[in-house]
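Participant: Generate coordinates for the entire structure from the input sequences, incorporating the hints supplied.
Chains as they are written, first to last, in my numbering: chain A, 1 to 259; chain B, 1 to 243.
Check each hint, because a few of them may be wrong.
Label-pair ranges, simulated between beta-carbon atoms [claimed, not checked]:
| hint | chain 1 | residue 1 | chain 2 | residue 2 | range |
| --- | --- | --- | --- | --- | --- |
| 1 | B | LYS130 | A | GLU242 | 18 to 28 Å |
| 2 | B | THR133 | A | SER29 | 29 to 39 Å |
| 3 | A | ASN57 | B | HIS88 | 15 to 25 Å |
Don't read these hints as lab results, they were simulated from the structure. In this text, a Cβ means the ideal position worked out from N, Cα and C, and glycines have one as well.
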Amino acid sequence: MTAAVADNNEVGVSPRLVSGPALAACDVSVSFGASRVLNGVSLEVRTGELVGIIGPNGAGKTTLFGTLVGALRPVTGAVLFEGTDVTHQSMAQRCRRGLVRTHQIPRPFNGMTVFENVFVAAVNTHGLSRKEAYQRALDALSHTDMLGVANRRAEELGLLDRKRLELSRTLATEPKVLLLDEIGGGLSEGESMELLAMIRALSDRGITIVWIEHMVPLLRKAAARFVCLHQGKIIADGKPDEVMANPMVTSAYLGGSVQ
Amino acid sequence: MSLLEVEVLNVRHGLLQAVCDVSFKIDRSEIVAFVGANGAGKTTLFRALAGAHMPASGRVVLDGADVTSVPDHQRVKRGIALVPEGRHLFKDLTVYENLALANAAGRKGAWSIDSVFDVFPNLVPHLRQKAGTLSGGEQQAAAIGRALITNPDVLLLDEVSLGLSPAAVENVYASIGRLVGAATTILLVEQDLDRALSVATRVICMLEGRVVLEDAVGKLSREQIIEAYFGTRQTRSEGVTTQ
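Facilitator: Now the structure itself:
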């Protein structure tokens with residue numbers, strides 16, 4: 001770790017007021033053909049929380065996100081957003097309510113500028129006027145520090161900027177709950193610290209965040225709670241140190257018998 | 001001189017740097033396990049060693065010769081064979097045809113179709129069967145056999161137990177055990193740490209494209225490896241021990 005990186009917890013994880021669940025998965029199961037990818041997952045995320053999701057390859061993490069935002073339909077179970085059952089609502093409806101995700105591999109509209117990418121997100125969510133949407137897009141780009149590259153075409157961006165753009169587009173929809181799918185992967189240490197600061201700032205603004213990340217040390221700097229998925233089930237849920245010390249968690253990644 | 005030397009290797013997938021400044025040396029007859037989480041760069045590293053993915057910078061030196069720019073089909077002739085993750089057999093060719101093809105592409109040596117069948121007797125009944133119709137364990141055996149028959153100096157095994165039944169994994173590892181001492185140097189990626197430690201002589205642990213821990217199997221505790229795997233060690237030593 002570089003000296004610039006404050007070591008963990010106290011600094012990053014500020015206690016904040018938490019109330020009823022902003023988002024809940026209730027006994028959610030998802031199948032792809034014969035294979036069951038999520039098996040009875042129940043998870044409550046309280047308003048204002050920043051929850052880290054971990055789990056080995058194939059655990060079902062991205063599938064969980066897909067189900068929460070409505071890209072995938074569960075075979076059983078329900079998704080609740082702010083107490084309302086949204087299981088049968090479309091992705092667009094959930095997005096307008098304030099539930100959005102980022103993608104592991106950024107998916108900008110290539111051929112459009114950074115600003116246009118974000119403007120599309122702003123204009124399509126809340127029926128804003130052109131002027132309001134324009135301002136909303138600028139606000140989002142300002143938060144992610146992208147105003148300087150606003151007129152660059154999306155395909156010209158480097159990896160960190162693509163991830164920032166992915167984040168900017170979600171911000172332009174004014175999310176209440178933001179699902180981040182491996183947004184820190186593949187970045188240098190300095191870049192991931194920049195991203196971390198941005199995500200903390202969103203959390204401080206009151207946005208509820210669920211963050212899938214393979215880089216445990218990075219996630220630990222942000223999240224006060226870890227949830228570990230394995231083979232479509234939640235096998236651990238609690239304080240990051242407790243989850244990482246759980247033998248079921250290490251066995252899920254590295255094999256071996258659970259004592 | 002080491003059999004295989006990797007010097008400051010960097011490998012990219014477009015914008016993503018999958019392997020960062022990786023250096024290590026492998027001696028003849030070593031069995032080295034590469035351990036690391038998803039996205040640590042293990043498969044990309046193996047593909048770069050096999051010539052299937054050209055590195056952005058750095059060198060791969062085999063037996064004193066720089067093979068960095070040698071393409072994969074010629075690297076097989078130089079003595080590096082990869083058993084890729086997911087096997088990638090020619091599914092519409094028979095088991096025999098898969099092996100015969102590799103035999104023609106590879107080098108002369110002790111391994112022949114007959115000796116492959118000695119190590120993998122479970123393949124014998126399926127000789128004339130299309131490879132795609134075999135069970136996962138049999139396909140894995142065929143994929144390892146296909147690599148062995150090229151008579152490699154360095155055999156790269158990428159997640160040979162992935163997607164196999166526990167019994168099939170036992171079989172594959174029993175056969176790997178039979179290769180030990182057959183003068184083959186083996187580099188392997190394996191998710192199951194206990195299994196990796198049971199066959200390997202040395203462990204190289206990768207995190208986010210870098211080597212973060214490296215030592216002889218007996219010198220590392222499971223806890224040390226787990227800490228390196230998750231990057232949860234308190235102090236990350238910059239100077240990785242090399243042998």
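Participant: May I ask you to test the hint 15 to 25 Å on the CB atoms belonging to ASN57(A) and HIS88(B)?
Facilitator: Once the Cβ atoms are compared, 18 Å apart, the range 15 to 25 Å for HIS88(B) and ASN57(A) holds.
Participant: Regarding THR133(B) and SER29(A), is the given constraint of 29 to 39 Å on their beta-carbon distance met?
Facilitator: The hint (29 to 39 Å, Cβ to Cβ) holds, given that THR133(B) and SER29(A) are roughly 32 Å apart.
Participant: Given the hint of 18 to 28 Å, check if LYS130(B) and GLU242(A) actually sit that far apart at their C-beta atoms.
Facilitator: Hint violated: Cβ distance 50 Å, outside 18 to 28 Å.
Comparing the model with each earlier hint shows a violation of hint 1 alone; every other hint is respected.
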